[in-house]
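**Student:** The whole structure should be built from the sequences, with the hints applied where relevant.
If you want the building blocks of each chain, they are given just below.
There are 2 protein chains.
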Amino acid sequence: MDKVGIGLVGCGTVGSGLVRNLPEANRLLQQRLGVGLEIRAVAVRNPAKKRENLPVQPVADWRSVVSNPSVQIVVELLGGTTESLEVAKAAVAAGKPLVTANKALLAERGAELIPLAQKARVPIYFEASVAGGIPVLKALREGLVANQLLGLHGIINGTCNYILSRMAEEGSDFSSALQQAKELGYAEADDRLDVDGIDAAHKAAILCLLAYGFLPPFPKVPVEGIRNLSAQDVSFARQLGYAIKLLAVVRPVGPERVEVRVSPTLIPARHPMASVHGVFNAVGLVGNLSGPVQFTGRGAGPDATSSALLADLGEAARHLQDKSPGPVLPSGGEKIRLIEPGDSVGRFYVRFEVRDQPGVLAQIAGIFGAEKIGISSVLQPEGHGADSVPLVFLLEAARESALQKAIAAVQKLALNRAPARVLRVEDLA
Amino acid sequence: MDKVGIGLVGCGTVGSGLVRNLPEANRLLQQRLGVGLEIRAVAVRNPAKKRENLPVQPVADWRSVVSNPSVQIVVELLGGTTESLEVAKAAVAAGKPLVTANKALLAERGAELIPLAQKARVPIYFEASVAGGIPVLKALREGLVANQLLGLHGIINGTCNYILSRMAEEGSDFSSALQQAKELGYAEADDRLDVDGIDAAHKAAILCLLAYGFLPPFPKVPVEGIRNLSAQDVSFARQLGYAIKLLAVVRPVGPERVEVRVSPTLIPARHPMASVHGVFNAVGLVGNLSGPVQFTGRGAGPDATSSALLADLGEAARHLQDKSPGPVLPSGGEKIRLIEPGDSVGRFYVRFEVRDQPGVLAQIAGIFGAEKIGISSVLQPEGHGADSVPLVFLLEAARESALQKAIAAVQKLALNRAPARVLRVEDLA
Numbered sequence: 000m001d002k003v004g005i006g007l008v009g010c011g012t013v014g015s016g017l018v019r020n021l022p023e024a025n026r027l028l029q030q031r032l033g034v035g036l037e038i039r040a041v042a043v044r045n046p047a048k049k050r051e052n053l054p055v056q057p058v059a060d061w062r063s064v065v066s067n068p069s070v071q072i073v074v075e076l077l078g079g080t081t082e083s084l085e086v087a088k089a090a091v092a093a094g095k096p097l098v099t100a101n102k103a104l105l106a107e108r109g110a111e112l113i114p115l116a117q118k119a120r121v122p123i124y125f126e127a128s129v130a131g132g133i134p135v136l137k138a139l140r141e142g143l144v145a146n147q148l149l150g151l152h153g154i155i156n157g158t159c160n161y162i163l164s165r166m167a168e169e170g171s172d173f174s175s176a177l178q179q180a181k182e183l184g185y186a187e188a189d190d191r192l193d194v195d196g197i198d199a200a201h202k203a204a205i206l207c208l209l210a211y212g213f214l215p216p217f218p219k220v221p222v223e224g225i226r227n228l229s230a231q232d233v234s235f236a237r238q239l240g241y242a243i244k245l246l247a248v249v250r251p252v253g254p255e256r257v258e259v260r261v262s263p264t265l266i267p268a269r270h271p272m273a274s275v276h277g278v279f280n281a282v283g284l285v286g287n288l289s290g291p292v293q294f295t296g297r298g299a300g301p302d303a304t305s306s307a308l309l310a311d312l313g314e315a316a317r318h319l320q321d322k323s324p325g326p327v328l329p330s331g332g333e334k335i336r337l338i339e340p341g342d343s344v345g346r347f348y349v350r351f352e353v354r355d356q357p358g359v360l361a362q363i364a365g366i367f368g369a370e371k372i373g374i375s376s377v378l379q380p381e382g383h384g385a386d387s388v389p390l391v392f393l394l395e396a397a398r399e400s401a402l403q404k405a406i407a408a409v410q411k412l413a414l415n416r417a418p419a420r421v422l423r424v425e426d427l428a
Numbered sequence: 000m001d002k003v004g005i006g007l008v009g010c011g012t013v014g015s016g017l018v019r020n021l022p023e024a025n026r027l028l029q030q031r032l033g034v035g036l037e038i039r040a041v042a043v044r045n046p047a048k049k050r051e052n053l054p055v056q057p058v059a060d061w062r063s064v065v066s067n068p069s070v071q072i073v074v075e076l077l078g079g080t081t082e083s084l085e086v087a088k089a090a091v092a093a094g095k096p097l098v099t100a101n102k103a104l105l106a107e108r109g110a111e112l113i114p115l116a117q118k119a120r121v122p123i124y125f126e127a128s129v130a131g132g133i134p135v136l137k138a139l140r141e142g143l144v145a146n147q148l149l150g151l152h153g154i155i156n157g158t159c160n161y162i163l164s165r166m167a168e169e170g171s172d173f174s175s176a177l178q179q180a181k182e183l184g185y186a187e188a189d190d191r192l193d194v195d196g197i198d199a200a201h202k203a204a205i206l207c208l209l210a211y212g213f214l215p216p217f218p219k220v221p222v223e224g225i226r227n228l229s230a231q232d233v234s235f236a237r238q239l240g241y242a243i244k245l246l247a248v249v250r251p252v253g254p255e256r257v258e259v260r261v262s263p264t265l266i267p268a269r270h271p272m273a274s275v276h277g278v279f280n281a282v283g284l285v286g287n288l289s290g291p292v293q294f295t296g297r298g299a300g301p302d303a304t305s306s307a308l309l310a311d312l313g314e315a316a317r318h319l320q321d322k323s324p325g326p327v328l329p330s331g332g333e334k335i336r337l338i339e340p341g342d343s344v345g346r347f348y349v350r351f352e353v354r355d356q357p358g359v360l361a362q363i364a365g366i367f368g369a370e371k372i373g374i375s376s377v378l379q380p381e382g383h384g385a386d387s388v389p390l391v392f393l394l395e396a397a398r399e400s401a402l403q404k405a406i407a408a409v410q411k412l413a414l415n416r417a418p419a420r421v422l423r424v425e426d427l428a
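Those protein sequences? They're chains A and B, same order as listed.
For the first sequence, numbering that gives the first Met the number 0 gives the first residue as 0, with consecutive numbering after it.
For the second sequence, numbering that gives the first Met the number 0 gives the first residue as 0, with consecutive numbering after it.
Be aware that one or more of the hints could be misleading.
Because identical chains cannot be distinguished in the list, a pair is counted as satisfied if it fits within a single copy or across any two copies.
Think about it this way: if two alpha-carbon atoms lie no more than 30 Å apart in a straight line, the pair counts; the simulated DSS-like pairs of lysine-lysine are [unchecked claim]:
(1) LYS181 with LYS2
(2) LYS2 with LYS334
(3) LYS118 with LYS88
(4) LYS404 with LYS219
(5) LYS322 with LYS118
(6) LYS322 with LYS49
(7) LYS334 with LYS88
(8) LYS118 with LYS48
(9) LYS371 with LYS48
(10) LYS49 with LYS2
(11) LYS49 with LYS181
(12) LYS88 with LYS322
(13) LYS322 with LYS2
(14) LYS2 with LYS118
(15) LYS181 with LYS334
(16) LYS411 with LYS334
(17) LYS322 with LYS404
(18) LYS404 with LYS49
(19) LYS88 with LYS48
(20) LYS2 with LYS48
Don't read these hints as lab results, they were simulated from the structure.
**Tutor:** Quick look at the structure:
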């Protein structure tokens with residue numbers, strides 16, 4: 000059987016991993032799927048830079064890779080959303096299947112790219128874009144294809160999960176845990192995409208696309224990272240029986256409305272998601288038939304990402320060989336919208352900093368009561384005469400707009416010492 | 000688009016679930032895959048019995064279902080290994096893809112069936128045969144296709160896991176936990192397939208087939224169920240920091256040798272597998288690229304099984320529509336053999352019942368030492384003057400044959416009061 004020709008655009012850490020892992024994987028793909036892959040062209044920003052294992056001389060011009068007649072599948076590994084979109088469009092225009100690990104491209108430019116690919120009937124494969132070593136998109140797209148999805152949640156940024164694990168296990172504060180993550184290579188020098196939740200939100204948007212055929216408008220997805228999380232809140236959460244994780248939530252809310260968000264979230268310490276530690280990722284979902292399913296594994300790193308890229312390449316190659324059309328890009332969510340900010344209903348953790356004086360608790364509890372927000376537990380450490388003491392509430396389900404009103408009212412009180420800290424609580428299935 | 004015709008052979012609990020779930024699933028399959036399914040013939044043992052929702056009049060003769068020209072895919076849901084094999088062979092002979100939930104058929108008769116299907120190039124789909132609601136075969140077959148599998152382990156019998164969970168949580172003994180499982184419908188009246196580990200071994204054999212292209216000769220797979228597990232051992236395990244699960248293990252051992260077994264096994268209480276409770280299933284594996292991956296979900300029940308059957312039906316229908324060949328049945332393991340009994344190397348938990356007298360510990364420790372088996376911990380509850388007391392050892396890795404020799408030597412000692420209880424220990428990745 001002839002090998003299928005691959006063109007690689009971008010060859011950084013992920014691309015080099017793919018090149019390194021290809022020979023052994025090729026043996027397995029040949030045996031298991033009856034296909035073989037061959038890298039036939041590579042474009043990189045600096046072709047003069049020395050690279051190991053590359054089977055061809057790289058070039059600077061990616062257009063020549065996409066248009067190379069011996070290239071049948073284009074692998075885009077540039078990252079970013081500008082040049083990568085041009086590459087993707089060129090592949091689609093050339094009728095060549097695209098394989099990518101680029102979550103930003105799909106989440107931020109998918110609305111432009113996906114209709115083009117659908118119209119041209121060119122498949123796009125992007126298993127590597129979410130939770131690298133865990134084949135969760137394949138599970139949504141095929142394994143659970145007969146299910147209505149009642150909701151998804153995920154720990155889908157390994158950097159944040161590493162930092163939160165350090166904070167929980169050692170009581171360290173955010174900045175020293177971030178420093179450790181950087182020293183170990185788990186966090187980039189520019190930590191914003193990871194730590195501020197953008198990367199997790201990209202992946203949440205892609206999970207939403209797979210689950211509901213609806214790609215949410217990215218700027219409207221509420222995102223909160225972990226930069227402002229204090230060791231104090233991690234400790235209070237633990238005392239209440241919860242762990243704090245950067246959780247992505249995708250959930251249908253009534254007809255044609257979906258809630259998508261990323262935020263540091265309290266989850267029950269006994270839930271399996273809470274024992275996902277370090278750089279590991281996990282995605283949980285509930286199907287109407289399957290019931291709750293959880294996938295756990297490595298979300299990043301060149302090998303885990305290679306696992307996903309090579310599976311996509313094997314599938315793409317098999318479809319080319321069979322002359323079958325390949326997977327359909329998700330659709331059907333044309334009428335779906337994100338819920339309005341404030342309409343989100345959920346449980347919250349709120350920490351106030353208040354003057355240590357009699358009657359404080361009653362006053363604040365009264366304000367929650369006026370907004371019809373139930374209190375499920377309260378934590379009030381002894382003040383030891385300090386001027387300001389924390390007062391922590393774990394609340395029953397409430398509309399976010401009602402919660403904000405209550406919090407604004409508390410913050411107007413003379414006894415209030417500092418802005419309230421609000422965190423989401425998810426009890427999970 | 001024309002619908003794809005389904006013929007159902009067998010319509011018990013699982014078949015009725017499929018029939019009930021088909022209409023809603025059809026809407027999703029149409030939207031997501033562009034295929035529609037239609038049940039066009041049904042064979043049951045007693046066609047006179049009243050059944051709900053069946054779109055066609057059932058017949059007794061399954062041959063007429065398989066040969067019905069409007070039936071394009073045969074769904075075998077009879078169970079067992081005799082008539083089901085005939086059905087499967089007839090489907091293959093008719094060139095019609097087979098979808099089945101029948102793990103016994105594949106594990107015990109796969110050696111006969113699979114070569115026929117390979118020769119006829121007829122695909123067999125069996126996602127529903129292992130861990131119902133968890134698409135783990137799809138993950139092995141496609142999502143992780145580029146990985147060498149360094150090992151798999153699983154909790155793949157919900158009945159046993161329910162019983163073990165009750166025993167662990169409530170300290171109940173096996174027979175009362177089994178009784179509870181029967182009352183809740185989690186265990187069949189004939190409990191042997193589940194409780195004695197046969198069902199889990201069927202699934203382990205299928206996981207081995209997927210992972211290594213090698214279907215182990217079923218009678219040679221070592222299987223131990225949970226019927227003889229005592230509450231005492233569950234409690235000692237917990238004191239040592241372990242939980243006991245009925246664990247299936249599939250693991251390559253040197254070149255062309257695989258170890259496959261099912262046994263009650265101590266796993267670290269802190270490992271995510273240990274928090275798989277009740278009827279839930281979990282499969283963990285380590286890929287050379289993906290690293291450790293764990294899948295958790297419902298393993299049985301008509302809805303979870305429907306989820307898998309419908310995904311397989313959707314995939315089979317899509318291949319028929321595309322005229323593409325469908326998945327290749329696993330192969331390539333022709334040279335692989337099971338390891339010899341006794342060659343297994345692993346850690347063990349051993350409980351002796353001994354006379355409560357000075358020097359016992361030294362004597363037994365000496366016997367382990369003579370076999371070069373290290374002791375990693377010992378538990379010796381106070382005897383309170385009883386004639387016989389338990390003495391528990393957690394051992395370092397040892398060859399099973401050496402362990403058996405040591406145990407035989409201890410059992411010859413005058414101080415030994417009862418046969419030793421031996422359990423496997425797996426520290427897991």
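**Student:** Which constraints among the numbered hints does this structure fail? Numbers only, ascending.
**Tutor:** Hints 1, 6, 8, 9, 15, 16, 17 and 18 are the ones this structure does not satisfy, whereas the remaining hints hold.
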